[in-house]
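J.: Protein chains in written order, with my numbering: chain A, 1 to 346; chain B, 1 to 346; chain X, 1 to 346; chain V, 1 to 346.
It should be emphasised that the hints constitute simulated quantities derived from the structure, not laboratory data. Fair warning: this is a prediction, and the values are worked out from it, not measured in the lab. Watch out, some of these pointers could steer you wrong.
Claimed, not checked - Restraint ranges, calculated between C-beta atoms of paired labels, are given here:
#1 P18(V) with K77(A): 44 to 52 Å
#2 A247(V) with A71(X): 48 to 56 Å
#3 Q165(X) with E324(B): 57 to 65 Å
#4 A137(B) with T225(V): 21 to 29 Å
#5 L19(V) with D232(X): 35 to 43 Å
#6 K77(A) with T225(B): 48 to 56 Å
#7 D273(B) with R98(A): 25 to 33 Å
#8 Q165(V) with D309(B): 13 to 21 Å
#9 L42(V) with Q233(X): 30 to 38 Å
#10 G79(A) with G47(V): 40 to 48 Å
#11 Q233(X) with H7(V): 58 to 66 Å
#12 R98(A) with K208(B): 29 to 37 Å
Stated by the list, open to error - Lysine to aspartate or glutamate pairs mimicking EDC-like chemistry, simulated, CA-CA at most 20 Å apart:
#13 K31(B) with E21(B)
#14 K163(A) with D94(B)
#15 K46(V) with E277(X)
#16 K77(V) with D94(A)
#17 K46(A) with E277(B)
#18 K271(A) with E277(B)
#19 K278(A) with D48(B)
#20 K271(B) with D94(A)
#21 K278(V) with D48(X)
#22 K301(X) with D232(A)
#23 K301(V) with D232(B)
#24 K271(V) with E250(X)
#25 K271(V) with E277(X)
Even glycine gets a Cβ: it sits at the ideal position worked out from N, Cα and C.
Spelled out, the chains give:
Protein chains: 4
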Amino acid sequence: MKALVYHGPGKKSLDERPLPELAAPGDAIVKMTRTTICGTDLHILKGDVPTCEPGRILGHEGVGVIEQVGAAVSSFKQGDHVLISCISSCGKCDYCRRGMYSHCTTGGWILGHRIDGTQADYVRIPHAETSLYPVPAGADEEALVMLSDILPTGFECGVLNGKVQPGSTVAIVGAGPIGLAALLTAQFYSPSQIVMIDRDANRLEVAKRFGATACIDIGSSDAVTEVMKLTDQTGVDCAIEAVGIPATFELCQALVAPGGVIANVGVHGVKADLHLEKLWDRNVSITTRLVDTVSTPMLLKTVRSGRLDPAQLITHRFHLEEMESAYDTFGRAADTHALKVVIQVP
Amino acid sequence: MKALVYHGPGKKSLDERPLPELAAPGDAIVKMTRTTICGTDLHILKGDVPTCEPGRILGHEGVGVIEQVGAAVSSFKQGDHVLISCISSCGKCDYCRRGMYSHCTTGGWILGHRIDGTQADYVRIPHAETSLYPVPAGADEEALVMLSDILPTGFECGVLNGKVQPGSTVAIVGAGPIGLAALLTAQFYSPSQIVMIDRDANRLEVAKRFGATACIDIGSSDAVTEVMKLTDQTGVDCAIEAVGIPATFELCQALVAPGGVIANVGVHGVKADLHLEKLWDRNVSITTRLVDTVSTPMLLKTVRSGRLDPAQLITHRFHLEEMESAYDTFGRAADTHALKVVIQVP
Amino acid sequence: MKALVYHGPGKKSLDERPLPELAAPGDAIVKMTRTTICGTDLHILKGDVPTCEPGRILGHEGVGVIEQVGAAVSSFKQGDHVLISCISSCGKCDYCRRGMYSHCTTGGWILGHRIDGTQADYVRIPHAETSLYPVPAGADEEALVMLSDILPTGFECGVLNGKVQPGSTVAIVGAGPIGLAALLTAQFYSPSQIVMIDRDANRLEVAKRFGATACIDIGSSDAVTEVMKLTDQTGVDCAIEAVGIPATFELCQALVAPGGVIANVGVHGVKADLHLEKLWDRNVSITTRLVDTVSTPMLLKTVRSGRLDPAQLITHRFHLEEMESAYDTFGRAADTHALKVVIQVP
Amino acid sequence: MKALVYHGPGKKSLDERPLPELAAPGDAIVKMTRTTICGTDLHILKGDVPTCEPGRILGHEGVGVIEQVGAAVSSFKQGDHVLISCISSCGKCDYCRRGMYSHCTTGGWILGHRIDGTQADYVRIPHAETSLYPVPAGADEEALVMLSDILPTGFECGVLNGKVQPGSTVAIVGAGPIGLAALLTAQFYSPSQIVMIDRDANRLEVAKRFGATACIDIGSSDAVTEVMKLTDQTGVDCAIEAVGIPATFELCQALVAPGGVIANVGVHGVKADLHLEKLWDRNVSITTRLVDTVSTPMLLKTVRSGRLDPAQLITHRFHLEEMESAYDTFGRAADTHALKVVIQVP
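Next comes chain A alone, as it looks inside the complex (with noise of 0.2 Å):
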């Protein structure tokens, strides 16, 4: 089959690889139909991902049919339609049973990591029947893809850990495919407002199409400033950092009132200040979290009931022969206006 490998910092090929084998009585093989790139996959490819070793196959993301299931899988058969969590979960484990599915001691973020992942025509999955979910009848296959990983960590990790609420003040810093994630999914909770903090105006003007009631360019405008401003000098009762370095995560700390929440969806690599002199007697939350997927029966129902659109995330279209143009469009996002790259298989 084709597969889309790494080969160590800065090198991956779309090589011919053998069908993936069930290995245990939990997995599935998955006849991919779609998958997607992720910011995580240009991370891996500039090697700051160092448990990701040369060879494996990448991608976390998309939905398929099942060609095969092993001998402890009864909720599916050959023929269903999937969607593919970004995360394996046990079921079992005690992080499992609490939720934290992103921390089972057997799987987590494993797939296009610590083994091989979704961009190939095949893919095995351990765990299957609580990693991977039917696909409702009549959803909008490519669509789903999007609840792979981007709209469940974007809500989780934002939204949820956020407390957003009925007439909450929402800032996300960083209009990228995670923050605009973050903002469709806010929506849910009836914000009263929700400020989109970036410095790229083509994604700015994006989040203005998907609801953000106020969009700050920190090229031209100081997000402070113009955050006090919008807020009765009070500042925000939720600040999303989905961005990932020292500088937006201060500025999420400028941006918070008392007694609000700053939750970080951003991977960082490097620490960063926490100014407690300031904060110590604020009442302020911080939380972080790898995305545990749990709200995916959720966000079905909400993709089935019309109230959440995931198709708008969706900018360009490759099939996998062609996935260093993919790879090429999507890490050049500023120029291309790339936000999710859609992959059909084969």
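Position chains B, X and V against the provided structure of chain A, taking the given hints into account.
T.: Below, chains B, X and V alone, put in the same frame as chain A:
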């Protein structure tokens, strides 16, 4: 009347001052019977709290007897014995209505800070009806002084924010009066382990007596190694920071388990490093809080029912005229083994 | 001044009454500009509320302008436009401090019940600072009358108690003004389904327009069968009872899914059967509540941000001197299709 | 093997039965070492549980040793000592994923009910990995039998659902084994009062020893009068119903304070009156629940840390061949003063 007055960094004296007078219909004048000294008073004397100006009578804790009430005060009358909250709360502003009395727009921590405090024969209490609590019949009034600040602080900022639950594992960094208050009130929730961490052998001995299940002297042991040993190499569900310096806040980051909470109680003067490069995917929360004293009624109930004995925090007793000795004893706690010193008035 | 006075069961008249006067330092006198009639007023007139004595001016909703304030009132002054809460709250008692304003020991629902109410030219409001809300600049004051009672009631007793969440399924039994208020505010949380159940075709049509995803006319369909069909034979996560009779409460028991909530909003005059023999092992909650109006500030924000349009609940308008017609129109709602009638004062 | 078999209403016998065999890859065969009898077993014998058919081996509690595991079971192996949960849970269905194991679509309470149970030499446990718990090293295995059903039931259905908190007032109606389990586990949260209500003087004496702060014998006192006296005429924050008849459920309605919770634990055979005409405006919650045993890991921790001593619930011991005497002793609890009887196997 006699009053302990701050005269600028390093300077204080027991002065003669005029009696306080009612300034608003919601005020009460309280004749003090007992007060105490707080670590914060030492901070003021070091010059760390510039919002406290020279000439200020210090003190924000104590019990006393109502001497006089303003026209709008109906729930207290002359002769009532009252517990004074360190936090003044109007009960009307948005923050008060949300239970964030610490951020009351006309109150908060003002006693002995922005207005004259309790280390005196008399004190004026603004917003009396929502900042004083009736002393229950038969209560040990001296012990209740511990409920003005230290016990609600340990409980709200440490235990409540830290989400201590039955079966939880808890580490408390800092066995001073506040850390010990957290230790006493954490036991309300029956955690399975409470590990106390300090470098003062005497305080660790007190902690053992107060219910710590393990004590770590960081002068002689590595706290991280020891805590990991006690928790199957997982870390604690709740790490309470009760010191207020970068080193102890960083220690908490190393102690907390995935899914856990770092509850900051300490007063910080400088920023600290936040290791987001390690914590971003560990599903942790970090909380800060200035005590709101919303838990005072509950704490009074647990004292009345015998489940909490605040008196054990008191190590020394003085009279108001011995205020200088009291400060000296409290200030040299490592030598004197002082936890809380109670000042009898007059 | 003119006032609508209750003279015992079945009797009311628009009488001339003396102007109200300040009775306590926390009082305010409000010159009414608009008020309305509540289903509860009809209950009083039927003689169902014996705690309301003849001679009482009715009404517990409305907006107006501050005429005079007591000595202890500092946050309002003459000329301020205010929204009147149907619940008077002292802000000081144990219940108020816990957000249960409905059970305020010197307040609660007293307006137009135990003290004179708002269907008059002027009204005295006790505990003014914690029972009135400033009208935001530029607000549609008429629409805000819906925030005195009906919208917080539908929201707090129905939606909040019912724990409506993104993706939830909700059934609302009763499409009167309160049921419709629950319908409007349930949408703050993006449930996947809201099924409205009534026997009045007109009200169901309004419900459809207000966002119901399905409507069941129990005159012609079996509600249980229909709801089960809509929910894969599981029942709803949240059943809101907005009528107040045993039959509708029993219907809710048949509609609720395992793990779900029955949120009672209706005012009940008699006991109902609770089928514990069916429910004991279904992990359900049943909640009751007299509105606390703790959500009023939040509702004001959602109105200001345009996420809630209360004006759509208003069907008829009258002047104070037409009070008899107003009651007649509101009392014959099935014929007149009245939802809320607004009374302009004077 | 020997097994206690139900033969229809009123009939049971200790029969010879074939050894159970693995039926699915997730099954385990457990060699029992200890089991017990539950009040529910008596209900079955009375014919109250028609879903339990003649020929069924009874029992849903116990500890034992793994004899054999199916192909999909990786976390247990032959020889492991295990605690059996009364609730079988697949860990995969929607209910299990939400922590409602009691409603597992292929599990729930099936042991000794819909499939053969634990009052036998061996038992087949479906969904073994998520329905068994490893016995901690050094544990008193006999005492752990109390964790199969009774302690999680008292804790989850009574204490957790009842939202017991530090300082709370609690009334428990019914001092049988379940009521006493609620009493023991309510103390995890340090309530200020726990009032035990029953008509059996012996059980009330046990309750006193187990930590009840007051006991009311309803044979000689009026429970409502006494509870009101103990709570300043307010009622209790939490009323736990641990009997299962209309009279005790109605008593709870009379005991609960405004804002309180009635947590139903009892198994009800008939409907009860719900006094909505009194409760509609009192902001109360009523909860029902079949135990989920989600709290088993936490309870194991509290046993290990010494905060909970389950052994004190055991009053009698028998061998499997004495099963008839064991049932007789347990069935005549008023005379024999039996709480829980432990059956040693073989």
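J.: Evaluate each hint against the coordinates.
T.: Against the structure, the hints:
1. P18(V) with K77(A): 44 to 52 Å: 32 Å, violated
2. A247(V) with A71(X): 48 to 56 Å: Given about 54 Å between the Cβ atoms, the range holds.
3. Q165(X) with E324(B): 57 to 65 Å: Since Q165(X) and E324(B) have Cβ atoms about 59 Å apart, the given range 57 to 65 Å holds.
4. A137(B) with T225(V): 21 to 29 Å: 22 Å, holds
5. L19(V) with D232(X): 35 to 43 Å: Distance hint for L19(V), D232(X) holds at roughly 39 Å.
6. K77(A) with T225(B): 48 to 56 Å: 50 Å, holds
7. D273(B) with R98(A): 25 to 33 Å: 29 Å, holds
8. Q165(V) with D309(B): 13 to 21 Å: 20 Å, holds
9. L42(V) with Q233(X): 30 to 38 Å: 33 Å, holds
10. G79(A) with G47(V): 40 to 48 Å: Given range 40 to 48 Å: holds, Cβ gap about 46 Å.
11. Q233(X) with H7(V): 58 to 66 Å: 34 Å, violated
12. R98(A) with K208(B): 29 to 37 Å: 31 Å, holds
13. K31(B) with E21(B): Measuring from Cα to Cα gives roughly 12 Å; hence the hint holds.
14. K163(A) with D94(B): 18 Å, holds
15. K46(V) with E277(X): Judged against 20 Å, a Cα distance of about 16 Å means the pair holds.
16. K77(V) with D94(A): 18 Å, holds
17. K46(A) with E277(B): Given pair K46(A), E277(B) holds - Cα atoms ~16 Å apart, limit 20 Å.
18. K271(A) with E277(B): 6 Å, holds
19. K278(A) with D48(B): Distance of about 13 Å is within 20 Å: holds.
20. K271(B) with D94(A): 35 Å, violated
21. K278(V) with D48(X): Judged against 20 Å, a Cα distance of about 13 Å means the pair holds.
22. K301(X) with D232(A): 13 Å, holds
23. K301(V) with D232(B): Holds. K301(V) to D232(B) sits at ~13 Å (cutoff 20 Å).
24. K271(V) with E250(X): Holds, at roughly 11 Å.
25. K271(V) with E277(X): Satisfied, since the Cα-Cα distance of roughly 6 Å is no more than 20 Å.
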